[in-house]
Amino acid sequence: MKTAISYPTVGAMGKTGTWRVFRPSLDREKCIKCWRCWIFCPDSAISRDEYPVIDYEYCKGCGVCANECPVNAIEMGREEK
Amino acid sequence: MIFIDTANHISALAAKMAKPHVIAAYPITPQTTIVERLAEYVESGQLNADFIRVESEHSAMAACIGASAMGARTFTATASHGLLLMHEMLHWAGLARLPVVMVNVNRAIGPGWNIWSDLNDSLSQRDTGWIQFYASSNQEVFDNIIQAYKIGESEEVMLPVMISYDGFTLSHTSMPVEVPEQSKIDEFLPPFKPAWKIDVENPITHGNIVPPEPYMEIRYSMQRAMERAKKIIEEVGEEWGKKFGREYDLIQEYKCDDADYVMVTMGAISAEARFAVDELRKRGEKVGLVNLRTFRPFPYEKLKYEKMIVIDRNVSPGLGGVVYHEMKKTGKDLYGFIAGLGGVDVSYKDFERIYELAKRGKEGWYPLEVK
Amino acid sequence: MLKEIIFYGRGGQGAVTAANLIASAALKSGNRGVQAFPFFGAERRGAPVKAFARISDNEIFLRSQIKKPDIVVVLDTGVMDAINVAEGIKKDGIILLNTNKSASDFSFPYRTAVVDATSIAIKNEILVGGIPVVNTPMTGALTKILDGIDIENLKLAIKERFGKIGDKNAKAAEEAYNEVIF
Chain A
18 MKTAISYPTV GAMGKTGTWR VFRPSLDREK CIKCWRCWIF CPDSAISRDE YPVIDYEYCK
78 GCGVCANECP VNAIEMGREE K
Chain P
-1 MIFIDTANHI SALAAKMAKP HVIAAYPITP QTTIVERLAE YVESGQLNAD FIRVESEHSA
59 MAACIGASAM GARTFTATAS HGLLLMHEML HWAGLARLPV VMVNVNRAIG PGWNIWSDLN
119 DSLSQRDTGW IQFYASSNQE VFDNIIQAYK IGESEEVMLP VMISYDGFTL SHTSMPVEVP
179 EQSKIDEFLP PFKPAWKIDV ENPITHGNIV PPEPYMEIRY SMQRAMERAK KIIEEVGEEW
239 GKKFGREYDL IQEYKCDDAD YVMVTMGAIS AEARFAVDEL RKRGEKVGLV NLRTFRPFPY
299 EKLKYEKMIV IDRNVSPGLG GVVYHEMKKT GKDLYGFIAG LGGVDVSYKD FERIYELAKR
359 GKEGWYPLEV K
Chain G
2 MLKEIIFYGR GGQGAVTAAN LIASAALKSG NRGVQAFPFF GAERRGAPVK AFARISDNEI
62 FLRSQIKKPD IVVVLDTGVM DAINVAEGIK KDGIILLNTN KSASDFSFPY RTAVVDATSI
122 AIKNEILVGG IPVVNTPMTG ALTKILDGID IENLKLAIKE RFGKIGDKNA KAAEEAYNEV
182 IF
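Residue numbers (my numbering), protein chains in the order written: chain A, 18 to 98; chain P, -1 to 369; chain G, 2 to 183.
In isolation and in its complexed conformation, chain A is listed as follows:
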């Protein structure tokens, strides 16, 4: 039976990191480890370690994490390719 069900998978759209125009970078000095960036990342491209870790292979650079960060610890800079 073929239905409209699909299953979670890593990188269904390929290495979406190449889509980035702006690149998030985390300032550990400012980070309070509230994990909002981890919760809000729409692509689950942020994982939890000692600090949030951004997976640049898949991060599209949307900036949601920077927007949600309550202490402005994430800065969006121009992607240099």
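Computed beta-carbon distance windows for the label pairs: (1) A:D60 to P:G64: 43 to 49 Å; (2) A:Y68 to P:E38: 45 to 51 Å; (3) A:F39 to P:E176: 40 to 46 Å; (4) P:D258 to G:D151: 44 to 50 Å; (5) A:A29 to P:F1: 39 to 45 Å; (6) G:N59 to P:E185: 30 to 36 Å; (7) G:A83 to P:E233: 53 to 59 Å; (8) P:G43 to G:D82: 48 to 54 Å; (9) P:K369 to G:D82: 30 to 36 Å; (10) P:L317 to A:A29: 31 to 37 Å; (11) G:D151 to P:G64: 49 to 55 Å; (12) G:N59 to P:G316: 42 to 48 Å; (13) G:D82 to P:G316: 44 to 50 Å; (14) P:G316 to A:R95: 53 to 59 Å.
Pairs of lysine to aspartate or glutamate, EDC-like flavour, derived with a Cα cap of 20 Å: (15) G:K69 to P:E277; (16) P:K280 to P:D255; (17) P:K280 to G:E60; (18) P:K253 to G:E60; (19) G:K29 to P:E176; (20) A:K32 to G:D82; (21) P:K326 to P:E225; (22) G:K165 to P:E38; (23) G:K4 to P:E277; (24) P:K347 to G:D71; (25) G:K68 to P:D343; (26) P:K284 to P:D256; (27) P:K360 to P:E283; (28) P:K17 to P:E179.
From the structure, some residues in chain P lie toward chain G, with a derived Cβ separation under 10 Å: (29) G165; (30) F166; (31) A266; (32) I267; (33) A271; (34) D343; (35) S345.
Bear in mind the hints are in silico, worked out from the structure with no lab data behind them. It should be emphasised that the depicted structure is a prediction, and the values quoted were computed from it without experimental measurement. Note that CB positions come from ideal geometry on N, CA and C, so glycine has one too.
We have chain A already, so just place chains P and G on it with the hints.
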């Protein structure tokens, strides 16, 4: 003037040139750019109409019904799930005999979520009493919209009209379109004179409870109007031809005269099929094409060819292709194919292949069952 | 004669607009059949995108997507890491690249044309959000490669499309027209 633009922008322009009093619409992919453009026209004063921003497609149609019942010329546009949400109100507009004009940009129905072309949305509205037109080019989209008002508003018809065309394949594709002067459109399309309207000076009730016998007469009257619409569509198409050089009928025939097989298609794929006919003719195959311009009323009397290959971009589960099965009324040899659902590209090569399969007596889902 | 063109770029770079501009200029130059359309997908800024254009002396009846292009236009060579832009191209086809390198730096077995559209865009200050927009210069370069389109008609199409910023876009297109190497 000839210029290029997408079918959606051409739709908005045609609607503007028909001078509607009321537009009520809700945006949905791939129709959105029609509504955006119309909102710009109203905002900038280029179009003197009331633009009602509604909370759903059901309300959009309800607003058009109310306005049309007041004697206003109305326009709306939708697609796919938006059209399905309107379904109840489509019956209402049909049975109230209100000549609302609507564009439907054909898009597949979910799930799976799909924004591409498929005719199942409009074909699901088959029995709502709407006249249905399909188009294979942006020029036909423009021409159909203006003609739709004249046809629907004809005293002999008084029915709503839906103009459908393929999402993206036409809606977002730029092609050359010749647009006449406003004054020529005004000459062709006089102001709307409704057969009845809600008027405080002459109070009427519409949509009141109706006992069984008169209800059946109302239905009969609607069926007769659909039958008369065939003649009106031909007359209006002929008048359009005299005025603007492009004549229209219920169907468009291409190289059918000496054809052993005639392909029957609807929508954008009709243009691609025409290209395929030329390719097959180069190889000596006697094949022709009928493009169904109208689906309601259904022009079965005109489908007079002995062997017809019907390509449906739709399916009625449990039966098959909708057009194929409706064509059984012709009593001719039919070969039915279902192709291009959910936006699957159907190229001229596919039509050539479908023709070869039909010649060998095959039919079915292409390419899932036969290829 | 039917010419089929595929544009590759990233969402936001204006590949669809480029296809529309070349079709509009072709119509103004007397081609009766022109067509421009996006790859029918959900476009996202930064994601690789595709757009199509057809140009012909006669009315075009094709509605399917282009599989065997005569010309491929690459607005951003970065997409070539993920996409084979030469796929399906005709044997005598041409690939037009936006690059500051020379054609010999790319080992395509097809005729390759190059133009530094990014530098032309920066020079003419065609920027959106600080990012150079290369679509208008690329249409200028493409006009040089195609037969049957007058550069003046392209400039007219650009001015009609862009209003206030039309002049600098038209100038960028003309510079690319003069600078493209092929």
